Amino acid sequence: MPKHFSEAVWVALLAGLLTVPILGIQIQVEGINVSLIGSPLPVLLAMAAVFVARLLQAPLKAVSGLAHIIQRLPRPVHWSKAYRPILLGLVIVAAVIWPFTASRGSVDIATLALIYVMLGLGLNVVVGFAGLLDLGYVAFYAVGAYGYALLSMHLGLSFWECLPLCVIMAAITGCLLGFPVLRLRGDYLAIVTLGFGEIIRLLLNNLDDLTGGPDGIGNIPKPTLFGLEFARRPSTEGGTTFHQFFGLDYSGADTIIFLYLVALAMTLLILYVINRLIRMPVGRAWEALREDEIACRSLGLNPTTIKLSAFGFGASTAGFAGAFFAARQGFINPESFTFIESAIVLAIVVLGGMGSQIGVILAAVALTALPEVARQFAEYRMLIFGLVLVLMMIWRPQGLLPATRPRLELPARAEALR
Amino acid sequence: MNAVTAPITTLTERSLLQVRNLSMRFGGLLAVDNVHFDVHRHRIFAIIGPNGAGKTTVFNCIGGFYRPTSGQVLLDDQSIHGLPSHRIARLGLVRTFQNVRLFKNMTVVENLLISQHTQLETRFLHGLFKTPKYRRAEAEALERAAFWLEKVNLLPMANREAGNLAYGQQRRLEIARCMITQPKLLMLDEPAAGLNPQETRDLDRLINELRAEHGVAVLLIEHDMSLVMGVSDEILVMEYGRPIAAGAPEQIRNDPRVIKAYLGEE
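Quick mapping for you: the protein sequence lines, in order, are chains C and X. If you use the working numbering, the first sequence corresponds to residues 1 to 418, in order. If you use the working numbering, the second sequence corresponds to residues 1 to 266, in order.
Any given hint could be a false lead.
Residues on chain C that point at chain X, a partial pick, calculated with CB under 10 Å [stated by the list, open to error]: (1) 272; (2) 281; (3) 283; (4) 288; (5) 297; (6) 298; (7) 299; (8) 302; (9) 304; (10) 306; (11) 405; (12) 407; (13) 409.
Think of the hints as simulated: they come from the structure by calculation, not from any bench. Keep in mind that this is a model prediction, so the values were computed, not measured. Yeah, the Cβ is synthetic: ideal placement off N, Cα and C, and Gly gets one too.
Bound conformation, chain C alone (with noise of 0.2 Å):
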């Protein structure tokens, strides 16, 4: 200990030696004259904190090596293969159940998490499984909502019709950027899909012809049920409106909770066609690919295919987000495909763990309705934000749930047959 206060004692000294300058002086201003005076105490706080940090470092990196052997502990969740769908159902069940008990903007806030559940969880495939960092990933969700928001305004099709359309022209997107481009790795290809990312948003700031600049475009129709809007009147003659049809009263909560159990078949519906992937020939190729590339050329697998197949995926799992995107805010405009949207995405996957698709799920809840439910800290967002990112990266650089693969084996049968 004290060696600890003598070690202490002395950086607090060399944090005022330099705090000095930068906290220690304050300018005056008294008329024409400035002048210089010295103020000691935030000089005093700062050696004060120093030397307490520094005091507690040791304690710190002990509890720091709790948190390493909490990590090595074995993972007590191991339901096994016969509960996994009962719990399954039971999770979905009340996902479902859910909406009608809980008030109108939690509703609304889990719908915006389920739009990035479904990004996270397409750029997982990407990033997680084949390995392939993609920084302009918003692009694809642009291209999905401005398909919709453009299909809808020029040919007047519905939301379902748009959907199918908007995951091909993603998809397109995908493939023709990744072409050109899987050829590089690692961080040119960051860089490059980084690039691309922010052609898109140009082109939607200055087509004002076609995408109406930044001015966007408003007046998106949301999805029917069946053809049945949820709105006070219908928007056409003889039309009918949801609550015309069941005979209820017009409810604004209505259109929130049928948006809300859109998003949530959307995400499951992802999630099906992901599981099925990864356990699937290309999955697997995804995996060998980020693995080891040239023992895979060497066994006769494509790379450009096999990459462009994973990029594609995630391109349009985007566009399919985009398109509920478009139809939920009804207005879009190229704001909301800025960077930062492709950064929050990344970060969900990174925080999460990088192929862990339960871990992306929470991690995108966490980063959505979290900042929304605390509003009083909406300042301190981003500086939390980055924090936490720090942190992950030094004590839990796989993510909060890292990914167990699902690992095919060989059935003991095959084995007893030779």
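Starting from the structure of chain C, add chain X where the hints point.
Okay, now just chain X, sitting in the frame of chain C:
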């Protein structure tokens, strides 16, 4: 240039792999200089030579990992010169690596499934809905994997992570991973490196078995002389990128140029 050609074999059939005047230059270094040889069907052909003689470079040129500076490579009379490596692999020419390249985080079985990827082109929708057709394809792939694991004595390890296998086991898995693609020509880059004598003898038996039962031709780079002399039908000796001798094992054993290259001059 003392280009040494492999002796014309008595077999009348066409050779499987023809390497013609292959050269590879890296800047000022001529790593492979005018190499010329034939690998016949069902034959085991070895390339030997001191370290740095350019043996692996020859492999990389044949397999499409490098683009040779000049020369021709023909597989089944079809030029594979300049094709990308995955296309060459699909034509039936696969290889192992000097430093084993397995998918270390995947299980042994999964390693064998990945190499069946090209044969397993099941449709996306079939896999999405787990149709009977898809299930059958997967089950067959697993069966094939089990067959090859049995062959290389790794069946009990099937569900282990490949990276956790012992070195000799990893080498055998790499061979199985190649064989499951049903190649015409198997290229082994120092397969006995790091193996103990017993494992080397097993490898000898395995290579012979692959040739006898699965009709594959083998192109081999190896330093272990007991293995090379025992298993090969023909040997090409390289030094400083140039072929210095070629022929049957007995010929090579007594060739003064080879003795000089390996032992130095008297």
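Hint by hint, here is what the structure shows:
no. : hint : verdict
1   : 272  : holds, 8 Å
2   : 281  : holds, 5 Å
3   : 283  : holds, 9 Å
4   : 288  : holds, 5 Å
5   : 297  : holds, 4 Å
6   : 298  : holds, 5 Å
7   : 299  : holds, 4 Å
8   : 302  : holds, 5 Å
9   : 304  : holds, 9 Å
10  : 306  : holds, 9 Å
11  : 405  : holds, 7 Å
12  : 407  : holds, 5 Å
13  : 409  : holds, 5 Å
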